[in-house]
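Kindly generate the complete structure, drawing on both the sequences and the hints.
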Amino acid sequence: MKQITKHLSHYLSLFGILIVATFGLIIFKYDKTLQTSIVVGTAISYVSWGIIHHYLHRDLHLSVVIEYILIASLGLTMALSLI
Amino acid sequence: MKFFRKLRHLLIPHESNNHKAKILHNSSLTIIIFGFLVLHSVFTYLPNFGPKILGFAANISPDEVIRLTNEKRVTNGLSTLTTNATLSQAAQAKGADMLNKDYWAHVAPDGTQPWYFFTSFGYQYRFAGENLARDFSDPTSAVDAWMASPSHKENLLSTKYKEIGVAVVEGDLAGVDTTIIVQFFGTNLVDTTPETPIAEAKAASTSPTPTRSGKLAVAPIIAQISPIPTPTPSVNPALISAPSSAASSKVLISPFGTTRGISLVTIILLGTIMIIDIVLSYRRRIVRIGGRTIAHIAFLGMIMAIILIARAGRVL
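Line by line, the protein sequences give chains P and L. Taking my numbering, the leading residue of the first sequence gets 966, the next gets one more, and so forth. Taking my numbering, the leading residue of the second sequence gets 4, the next gets one more, and so forth.
Derived by calculation from the structure, the hints in this document are not laboratory data. It is possible that part of the hints are untrue.
What the hints assert, rightly or not - Just some of the chain L residues that point at chain P, by a computed CB distance under 8 Å:
#	residue
1	Asn29
2	Ser152
3	Phe259
4	Arg263
5	Ser266
6	Arg295
7	Ala298
8	His299
9	Ala301
10	Ile312
11	Ala313
Built from N, CA and C at the ideal position, the CB exists for glycine as well.
Here's what the structure looks like:
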């Protein structure tokens, strides 16, 4: 909780990206090409957010970047096998 | 005891796992991703080598597809389409042809156009169109998917069509038990007053050159002046019979349903462990270098929304 209040603007931007992406997926639920683009775009945005956030927080390490990439890859693998 | 220790090591932050559940470590996440890739590969390539155990369960009646189509037309202020048995037979033949020749397209690999099936059954069309759908579990989802696609919607809501025929065929398509919906639209040449004056129609008189696959086609006007005799259909019985082996094959696993189920369980499991991780890290005041667990939960939450929204089925 302390993390969220300390970096409120960071988290708001992340939640904003994810909410917009979710609405986009609902609106274009029968357009698989657009859905794929939204999911890939969101995964890239998520990793970028992680890198920028940790860079600003001065705790950016390779293992952290890999962690974000792995979580994004896991989400992508699941989503793309269903879209 | 040993089992519980291993379980704690896997799921709860502890000294043994460097105060972070082992399943959230990068190595474990890599294994989970690899597992999903293997699962996806199995569902993609199993039909080529293994037993025919993959398929999509569906309960779709052609009458319901027609009813829903007419419902959409009425909602949009259009007249309803009349069910035409000849069109339904032609649609059945198209579906059987796709299963027999193992293709999913408007035009068969040997170049057979959709319009061939119209004329084979003696349906002389002024306008004709085709919508295809596969792997939908219910007719509402299929009609909604057509309505969401501009080109298919154009066919569904076209004022040019007066009649409709729908067939639902089930069989083996590329190794997977599949349900295909074939929707044929048409306006019989006999029943329609030409929209263009006869003189102009004469000039435009050409043999029909049906448009190609992909785009939902409206066949060009065929100018006819003399009345057309009632067609005497002469149909090859092979046209309307789907492969019998496909009908008798038993479906055991739905690739979509299985992937969806496993993905949901994985996300709920990871999400729960992440929440436990946040609570315990906060209480024990654990400081460590790593990604933000709240961000991971939010991202996986969006993926969970995709999994819940995702519907099996494709339209063409």
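Hint check:
| no. | hint | verdict |
| --- | --- | --- |
| 1 | Asn29 | holds (5 Å) |
| 2 | Ser152 | holds (6 Å) |
| 3 | Phe259 | holds (7 Å) |
| 4 | Arg263 | holds (6 Å) |
| 5 | Ser266 | holds (4 Å) |
| 6 | Arg295 | holds (7 Å) |
| 7 | Ala298 | holds (6 Å) |
| 8 | His299 | holds (5 Å) |
| 9 | Ala301 | holds (6 Å) |
| 10 | Ile312 | holds (6 Å) |
| 11 | Ala313 | holds (4 Å) |
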